[in-house]
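> As a plain string of letters, each chain reads:
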Amino acid sequence: MNKQSQIRNFSIIAHIDHGKSTLADRILDFTGALSEREKQDQFLDKMDLERERGITIKLQSVRLPYRAKDGQEYILNLIDTPGHVDFSYEVSRSLQACEGALLVVDAAQGVEAQTLANVYLALENDLEIIPVINKIDLPSADPERVKEEVEEVIGLDASDAVLASAKAGIGIEDILEQIVAKVPAPAGDTEAPLQALIFDSFYDAYKGVIVYMRVVQGTIRKGMKIKMMATGKTFEVLEVGAYNPHPVSMDELSVGEVGFVVASIKNVKDTRVGDTITDATNPAPEPLPGYRKTNPMVFCGLYPVDSSQYEDLREALEKLELNDASLAYEPETSNALGFGFRCGFLGLLHMEIIQERIEREFQISLITTAPSVVYQVYLTDGTSIQIENPTLMPPVQKIDHVEEPYVRAGIMVPNDFVGTVMELCQNKRGQYIDMKYLDTNRVNLQYDLPLSEIVYDFFDLLKSSTKGYASFDYELIGNKTSDLVKMDVLLNGEVVDALSFIVHRNRAQHRGRLLVEKLKKLIPRQMFEIPIQAAIGNKVVARENISAIRKNVLAKCYGGDISRKRKLLEKQKEGKKRMKAVGSVEVPQEAFMAVLKMEEK
Amino acid sequence: MLSPKAVYIHIPFCATKCHYCDFTAYVVDGQPVDDYIDALEKEIEMTVKDAPPGKLDSIFIGGGTPTVLTPVQMEKLLRMIQSYFPNWSSTIEYTMEANPGTTSSELLSVMRAGGVNRLSFGAQTFEPHLLRDIGRSHGVSEIATSVKDARYAGFTNISLDLMFGLPNQTVEQVRDTLERAVALSVDHFSCYSLKVEEGTLFYHLEERGQLPLPTEDAEYAMYQLIRDYLLQQGYVQYEVSNFSKPGRSSKHNSTYWRNEAYYGFGAGAHGYVNHIRHANVKGITEYIGRIDNGERPILQQNKIDIQEQMENYFILGLRLLAGVSLKQFEQQYGLPADKVFKEAIETLVKKQFLIIEDDTLRLTEQGLLFGNDVFAQFLY
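The listed protein sequences derive, respectively, from chains A and B.
Heads up: take any position in the first sequence, counting from 1, add 2, and you land on my numbering.
Heads up: take any position in the second sequence, counting from 1, add 355, and you land on my numbering.
Only chain B is shown next, with the shape it has when bound in the complex:
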């Protein structure tokens, strides 16, 4: 496997915890943030010693909310990254996740100076009541302000996360959110339907029958509205949940969908290097403790065998609407795809979930809507 060209760094701190969030994220008050950054440095040092990086195409600092770091902490983090990963491609995509209202001009200029060239804001919705009800710590006006501030600081590639299928959300509210979001003429949208995960406040509410989620049909209508509206406004849907202006699709996330290698650093982070997927421990104290002991903070890891690699090639790759290259599959694995996955491909093409054009296998409209049924077919 090629040396990783993508780096993910997890900053597991937030001002508050959202009601739907099951990521590794802790309320920042009282957390040993500086120790955590020191530990990150040691983890990176240990890792790249064994598996040195290639020329980087992307870096993604996610969370949590990385922008809860102070400018001083941020500067330290970004410098450290530069020193361990000095070799960047000229077109590197360097993304920082941020929450509206957390990006002071000072922080923004520190990030610019550190090489960050893309911001991904968790806007979620432009409906004030919904923002409050899902536990977001910002208001509607802060979304526009933060985008404006970011532009002023020189950021020219900005993405917004939006959510649909929220409790009490209506299709009309989704339309309103889309109009206001597009008015900001950002470059990229990630639009996720809410999934109620175990261990979240929403999960408990749902268990008790107190989470008024929209019907499946309403959720479907929201999804189709998002797709239609963004297409009309000049955005291309390039993945199940992702839309961009031409040429602005996320390079970093495409690493995952193309089943390529990436480093993952930080508490709860995942990485995929040399065909080994690993997950780090989630607790901050445990993370720092393990590193102080000179160990890598790995919770579990497993080698991905050829069969699973081949399956993932399709399960992940088909999420990209451009589809996957059958030729490339054969080059990579030495076996023709239409032999390895003969039954799956034939069945799905016959059901009109997949279509083959020249060398490319991709989802049809119907296949996109029933992606899980498509992906599951490729499992052995």
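One chain only, chain A, in its complex shape:
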């Protein structure tokens, strides 16, 4: 089955809301891949969470037969990409599996920061980029301006850009024709030793890990012994196939083809995204370029509210880990919260998704500590350690200096908000790098910022201070030395380890003050007075008192009230259950996230 010249592999690059999923659905629809019953919106986004948030978390690929206007039958492989910066490595791997990409830009909103980041990734991978101006049926659409923007900002020739409306089904055939005409057919030798690029994998309870891959050289067949070149693990192929979009078994997949491999693989950690599959008996001399192990960037403690659910939480993490090679966790004990796990994530969105899935799919109510980044701590004895939990920060006397991760952030913002955004970046210890006018109205700002500030509340502030007009993206650029201190919080004189955080010395007092004020509002009055203190080492930098509650009893309770009063008492009891006893103080769940939710004044 030598159809190599008829294969076109492409993905879709778009900013959230610019219509990627709708376009993907229309393409499936146009090529006849979906039955009437399946034409439910956003076929590719399988998880509820993805549909709710309008984002793609797990990748999908589909193989679509298409008879082009030249009369020939083509195979189009659409490889879907996640749309968030947390998953940019996954994006880069799926782009590497393609020869072309559709660049979808909203005809009203124009190019956004995220789009830009992914376009650069695509250009790095030498992809043929086909601009698509989507939503041209919107009253506010201005396709000509957006075309200009694509040319000016990205430097792409947009004269042939397809004017489309995925929603209204306009321009779909033009898009497919351009894919056939412009995206190169895959190169490669079907007889060469196997090299297949893994761009995703997921765990299936019946088949084990299902690997999504693209054959770059050679052929993969059922019965073949394969080897993962980075992990060194070998497996026997039980099944190969492709999605149409339903899984269909095939005898083999050859150069340029995209599909899945099943090989009794027990753990997604053995099938790392970016790794190369080769023939174990006739291995390729070297793996495909670009593999790297993704490391978690953001850490937080996850604790069950009900401590008897600790084992349930462990099981939930184990199950999620089956499907998520970038989720890391290890047991952790907190004086305040008991037994839990320190978990590592690719970013904040990844963290929120995992938390939500644990609460939703496994019904475990969680207490989450404020997220932290990984600090590199250089000690006076010449050694260095990595700290991903503020509690573990060594005493000041033992520290020589501390480094924290920095990112280079690109922020696209309308002219009017440039001042506001610059001020925000300055407040967040940002270093100005560059500023470019995209057109007369929009500016692309570049700043280097500590990742910890991004994790803290940068997103929210950026959104609120620009009325939602700013778009934002970042990449890690390594560690820099900072003057950082650990802030402890004491409730009733006892340090609450779960509330400790690391902060820049200049901002410490201010943040300590905000935090104790916030905690005073969140912690209900109890039967005794509770001092709340923020301290650096032994030095208290802020203090508040929660005065004691004097009475709590319903004045009136007669015949008509009984059922209602019981409900009130039940509510009170439920509220208590959601609180965590820290020493003798009952602390509500929200308090542990309070470190994050402090509005700067």
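To be clear, the hints were calculated from the coordinates, so they are not data collected in a lab.
Treat each hint with caution, since some may be false.
As the list claims (entries may be wrong) - List time: in silico EDC-like cross-link candidates among lysine to aspartate or glutamate, alpha-carbon distance up to 16 Å:
(1) A:K558 x B:D377
(2) A:K553 x B:E571
(3) A:K567 x B:E663
(4) A:K575 x B:E698
As the list claims (entries may be wrong) - Listed next, the stretches of chain B that the computed footprint assigns to chain A, with coverage defined by at least 3 CB atoms under 8 Å from CB atoms of chain A:
(5) 547-558
(6) 613-624
(7) 712-726
Ideal Cβ positions, reconstructed from N, Cα and C, are used throughout, including at glycine.
Once you've looked at the hints, dock chain B against the given chain A.
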């Protein structure tokens, strides 16, 4: 369950609606009061046919303001009650709620003749500005006048309702109110702290930040002042919010706290008969309509299972400062209380919220102040 020995009848009409009131109560002007009394009669008839009464220990006519009825309407109501509930204990407590200024001598004598032997006046406060600001329709002087009139008409058991924690109320004002109230040497006081309920004018004001309630500490001081002062003046605190001269505690309300059966008649009324709690529909028209259709006007009802009965035994019973009998619990439910509620009782005794003396479990001083924490422990 024993036949009910207590009857509650709700008269959902008032001259005006108070700003804190979330009871079923409608301004009386233009209401079909006579039809309502007829409907009440039919509801009572339907109910007692299925669940005949025992010898009554108490009747309570509450509202609203039952004394907005005309003497003729009142007489009709009281006669009707006598005819359906002829069998009274010799010590029956028969209470009528009243607002100061609504008790003409004619009405008072109709009530006496109908068997009413206890009056409960909604005085609330003796501070004229506060009375106005909470929407009461009477003045301060009418409180004393009404009490005097009632005595003159032969009533020897009189209770006053007082409120504290009112917007702009001070501890000093509470002291002044107490002095003036005690000077009337009434037999009983119910002292409630204001609770802002949804659907009231106060609720809306509070939502908008326009309700200057006293601080929690001030409210606490008011409560303690009330307890201390009334104790000094010879009143016994027998429940969280109720005080009486010795022997004058409310029998009817004790029915609720002892978790015993009672009938509830009228729009919005609640009853507890044969372990079924029910609530009636609240609208006057709906109430009358349902009865005219030959149905009982029940909005919802639910069977109270043994577990909930046992919980209520403590949740309600512990409101009485004399406490609850553990022996009686065991007799009633066939299980020892210290087994069923082992953890709750142990925890609360250890926290010194509860104390066990002989057969009796009761609140300590601290337990009284944190009653909700105590009661919640008994919930499963």
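> For every hint, state whether the structure bears it out.
We went through each hint and held it up to the structure:
1. A:K558 x B:D377: Since the Cα atoms of A:K558 and B:D377 sit roughly 13 Å apart, the hinted pair holds (cutoff 16 Å).
2. A:K553 x B:E571: Holds: A:K553 and B:E571 sit about 8 Å apart, inside 16 Å.
3. A:K567 x B:E663: holds, 13 Å
4. A:K575 x B:E698: holds, 15 Å
5. 547-558: holds (count 3)
6. 613-624: holds (count 4)
7. 712-726: Coverage by chain A holds here, the residue count being 4 at a Cβ distance below 8 Å.
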